[in-house]
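Chemist: Each chain is listed here by its residues.
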Amino acid sequence: MENRSLQMPDVNRDKDISPPRLSIVRSASVIRPTSDFRIRLADESFHAAMLVCGVAVIALLGLIVYELISSSGLSIHAFGFKFFVSQNWDPVNDQFGALPFVYGTLVSSLLALIIAVPLSVGTAVFLTEMCPRMLRGIISFLVELLAAIPSVIYGLWAIFILVPILRVHVEPWLGRYFGWTGLFEGAPFGIGMLAAGVILAIMIIPIIASITREVMTAVPRQQREAVLALGATRWEMIRVGVLRNARAGILGGVILGLGRALGETMAVTMVIGNRPEIAKSLFAPGYTMASVIANEFSEATGDLYLSALVEIGLALFLVTIITNAIAQLLVWSITRGTPARANAQ
Amino acid sequence: MPNKAHAVDIGDRIPAVGWFRRLKDHLATLGAVAAVIIVLAPLVAIFVYLVYKGVGSINWAFLTQTPKPVGEPGGGMANAIVGSMVILLIASAMGVPVGIGAGIYLAEYGQGKFGKVIRFTADVLNGVPSIVIGIVAYAIVVLRQKHFSALAGGVALAIMMVPTISRTTEEMLLLVPGSVREAAYGLGIARWRTTLSITLRTATSGVITGVMLAFARVAGETAPLLFTAFGNQFWNLNVNQPTAALPLQIFTYAISPFDEWHRQAWAGALILIILIVGSVAALRVVSSRGMMKGAG
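Going down the list, the sequences are from chains A and B.
Residue numbers for the first sequence follow my numbering, so the first one is 1 and each next one is one higher.
Residue numbers for the second sequence follow my numbering, so the first one is 1 and each next one is one higher.
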């Protein structure tokens, strides 16, 4: 007890000096009484225990990869590469082709990006360059609150609020004026690819917006001042001085959002219509990789059926990992040098 | 003379922002404001509808009874609320210690290459779709046990908690100034003791916030529970049996064709949001008292 009361004031006083850290820490641990075997034993075992936890993170990823590959072996052997180009999903006759799900996943995610990217970048531009300081905290808090809402609640809201709005107001209008493109054809059900794209867009906006904001903040102030000094308007300054410098990071944010959209399950399952068909019209129902697993996994009878579903999971896993890795690298390339991140490195 | 010409040149250009460029500037501002409004509209709509549709359906029976068969009015989600808590308890018991341990390793020992590998793996793990984690939990728990269980659901959610907690713990520990550690070493305190009683203690509030964020994230997860915890219409406190969970129950009721169940889905959603926001807020208040003075 006496010990503690001695330390704490020192701690607070030294706070703002912040001397170089690691080298001193290391040498200190060497200088300390190495003769005391028990202290060293305790130190080493603590180190080992923490190492086990760290290794557990890697082990978890290994476990995921192993389980996915070993459980999907049956389907991989039976169908080979044909699995991803066949449209025939027929559990009754043990025929499985995943193309409709791949198509549904890609189209709904791309649709989500088309809607979400301009809105997210606009929000980030407003927050970093135009917003009065008073509003900034509130708005960014609200945008981040969007990320905290569970997927199933988005789905519930989409079924009862978004879908009727799409059916009654948006889809008839789109059909009348843009029906000729073939993308907005057929009866407006509300439920379908368009609804899935819209709800996905709402869900990935917070991710893209917060990363865009982060990389825009990382653009040095001098860039802005230099462009303004050349006589640019505010928008020209944002376009030339900020967005152009931050584009790699913004792209990273967009890809991160894409990764999230590809793997998103519940909300999409609730509004996409769940029919394994490939249709050109966005009004038509579709199916995604994640939602076919969600709907059919617990009812799958037969080893091959289950194995085919796991193979879809494996494909989903690989695609999201690759997109996320690319996104991480892009975001790091922008934010690495900034003071805000220096602490975390 | 060249000097003068130069000055005239600049003077000419600064005020001469043409009407077209000014229009574009105004349009951009307008566009950004419109984007914010469009982004915030769903948020407002979701909360308004949650409260509007949910409040009317929450009553004592909803909080204390199990679901009634189709067609009978009344009934509630008591078993799902308790089931969710059981699953989350299992998940936290497994995921939190491992996550914090990994975070300590990264912050205190992970400066080398191996630390980098773990850090990258954690980030990758963070991006794995939750439905895929469900498949893995199914393969390692359900297939061995031969039946769905709360334990399997807990394992799935624990896997999701680990990467989030380890990364936030690491960040929080690194915020503690090195001089704090050195002061402890200077007093002859062992390294493990310093980490636990000085560094971790100083960062407690930040670490708890990270844990709560991970908790809030998995509390609303439905996809990994579909074929692990599976759901249950009756009371069940046995962790080896299929167990109801609030998000699962909301999903089942939302896609059902019955008005009475739709009403209950809204009520369940409101309860879920309250539980998530409430638990985060409560722990924040508790942990912010008297800690986190040394770092920040």
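Honestly, the hints are just simulated from the structure, not real lab data.
Check the hints yourself; a few may be wrong.
Said to hold, decoys possible - Listed below are several chain A residues computed to face chain B (Cβ distance under 7 Å; list not exhaustive):
| hint | residue |
| --- | --- |
| 1 | A48 |
| 2 | A59 |
| 3 | L60 |
| 4 | L61 |
| 5 | I64 |
| 6 | V65 |
| 7 | L111 |
| 8 | P150 |
| 9 | F297 |
| 10 | T301 |
| 11 | Y305 |
| 12 | V310 |
| 13 | L316 |
| 14 | Q328 |
Note that the Cβ used here is the ideal one computed from N, Cα and C, for glycine as well.
Chemist: Which earlier hints turn out false for this structure, listed by number in ascending order?
Modeler: 1, 2, 6, 7, 10 and 11
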